[in-house]
Amino acid sequence: MAEPSPLAVRGAGRLVAHFWMILGVIVVAFPVYYVFVASTHSVQTILRPPLPLLPGPEAARNYSDAFSGGISRIGGVSLWRLLANTTLVALGIAIGKIAISMASAYAIVFFRFPLRMACFWLIFITLMLPVEVRIQPTYKVMVDLGLIDTYPGLILPLIASATATLLFRQFFMTIPDELLEAARVDGAGPWRFFKDILWPLSLTNVAAIFVIQFIYGWTQYLWPLLVTNSNEMNTIVIALKKMISFADADTPWNLVMVTSVLAILPPILVVVLMQRWFVKGLVETEK
Amino acid sequence: MAGILLNDLRKSYAGNQVIHGITTQIADGEFVVIVGPSGCGKSTLLRMVAGLEVISAGTVEIGGKVVNDLEPRQRDIAMVFQNYALYPHMSVRENMAYGLKIARLPKAEIESRVARAAEMLELQPYLDRKPRALSGGQRQRVAMGRALVREPAALLLDEPLSNLDAKLRVQMRLQIKEMHLRTGQTTLYVTHDQVEAMTLADRLIVMNKGVAEQIATPLEVYERPASEFVAGFIGSPAMNIFTVTAAEGRATLPGGTVLPLPGLPRIGELRLGLRPEHLRPAGPGQAAIPVLLRSVERLGADAFGYGMIEGSEAPMVLRLPGTSGLGRGDRVEVVPDPAHLHFFDPQDGRRIGD
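Those protein sequences? They're chains A and B, same order as listed.
Here the first sequence is numbered in numbering that gives the first Met the number 0, starting from 0 and rising by one per residue.
Here the second sequence is numbered in numbering that gives the first Met the number 0, starting from 0 and rising by one per residue.
Here chain A stands alone, though its shape is the one from the complex:
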């Protein structure tokens, strides 16, 4: 038998603990469930309150309609295109952030150069500035570079990340100096040290940051809204917003709900698939 945890609660305490836990799960999960339920009913059912609590019979029709042109009719762009756009943007942001923040953390931790600490603080200070503060100048830069309605325009302004740089810096600082020295004696230059030693040791951290940043990229709203004019370049979140900006009765709620489900699904998949690594990266300090 497994050893009881020292925090194991017995009797009434256990019931109370479970009650609160289940309540919390319901509060968090019910709206998501409701979205799914709504995506399986016809518009008429959705518009006639109350909305049933159980999935309806229209699932197959709603989903096949959404994928085969239903969304294009309202939003002017296919659901496939939306998903592809968003995936590309989210991947671009996540990978770009990891690349840039790892490179800058590597420079700050392992190299001695003039103004090293000044660079670090400059990066650090940007943590305090929300994206919205610099949105006008950033927009202007994108216009001048002709990047409106392009993938680089959607991705580039979002990939500088003080948070990820800071996380990698903290992790790199836990690498013992002697490991670096051993690699130097073995003949590894800066690039080899990064590739052969630092990168393999960072993998769990990379996974954790990838998950966080993928979701961050997937759920971007304000920036894609500003930088895209053409429907073709919309991300799924923007498309959702555009779909419901009609009068209530004209909104094809069943298709909106299908789109919502599809907007929620990929982040969940990423979390579930990478959960093991993600948790490892956040808690483990194995060396």
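Derived pair list, reagent style SDA-like, types lysine to any residue, alpha-carbon separation capped at 20 Å:
hint	chain 1	residue 1	chain 2	residue 2
1	B	Lys100	A	Gly186
2	A	Lys139	A	Leu128
3	A	Lys240	A	Thr86
4	B	Lys129	A	Glu177
5	B	Lys100	A	Pro189
6	A	Lys279	B	Arg131
7	B	Lys106	A	Asp195
For the record, the hints were derived by calculation from the structure and aren't laboratory data.
Bear in mind the structure is a predicted one, so any value in this text is a computation, not a measurement.
Could you slot chain B onto chain A? The hints should help.
Using the frame of chain A, we list chain B on its own:
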């Protein structure tokens, strides 16, 4: 393989000098141990040879080539670190092969060298394990293997045994000695442990506060320590050293006892050093050093008596037979062996006389 030449090697941190000019020549195949208390600069000296610390002044030559401005990898050295610094994500085999892989040695050559080192260090069963699945002693051997497969001009070891337990340390010490005899590898070894220093070294560099106090064979260091510091550092228990007032053929000890002593190098104040093992019980009527014992440590074969010269605060350690019945409060009279007297200058601590 090659010799190493240190020429007036100095190191300063921000104007603060920590290594004050060390000059010595290490012959091809020689095993030299740098020994000293913590903070004496011994590791810094080794790291300067390795190329991990910048040399402030002076030169290091390895194999007849000045290497001051070369990266560690260009110096043809290998190093074993105190905490081993194994690559945690690589297997034992990969750890040992990494340096050779970077040096672009042919695969077959890498494999045969790793196999040879693994055999010598009895690591064959662990080649595919990760360092975290190894015991401390096994990790230490992997670190040794990683250095040996490089077949470097000079092998540098920085307190390689200090993280091991006492029994393993003795075992590894013997293994290192044996390995040196087999490979004839020029070796520079840093330790604070005088037993390691005495047993392993062909020659010792005894360091104190950034200065090489003495560079000589272990026996010479023991028999003719060049300074009071060396005398106190090498030897266990440590040498008894106290101030005496010398006159013609005799010396006044702390507490007022007058002892006839041969070979006094000068008249006046002197520091006299007597090793515990060179003191014998006095015969009847013989002029002797009276010692009041405060405690006796029994180690089985030997016992060590700790006390003071009667009538003074000068501490004295005596080596007694293991069966000695002496204890706290007893008074012992001892005479020094006239062949093993050490005299030091009271001002600069240097050895005087012969």
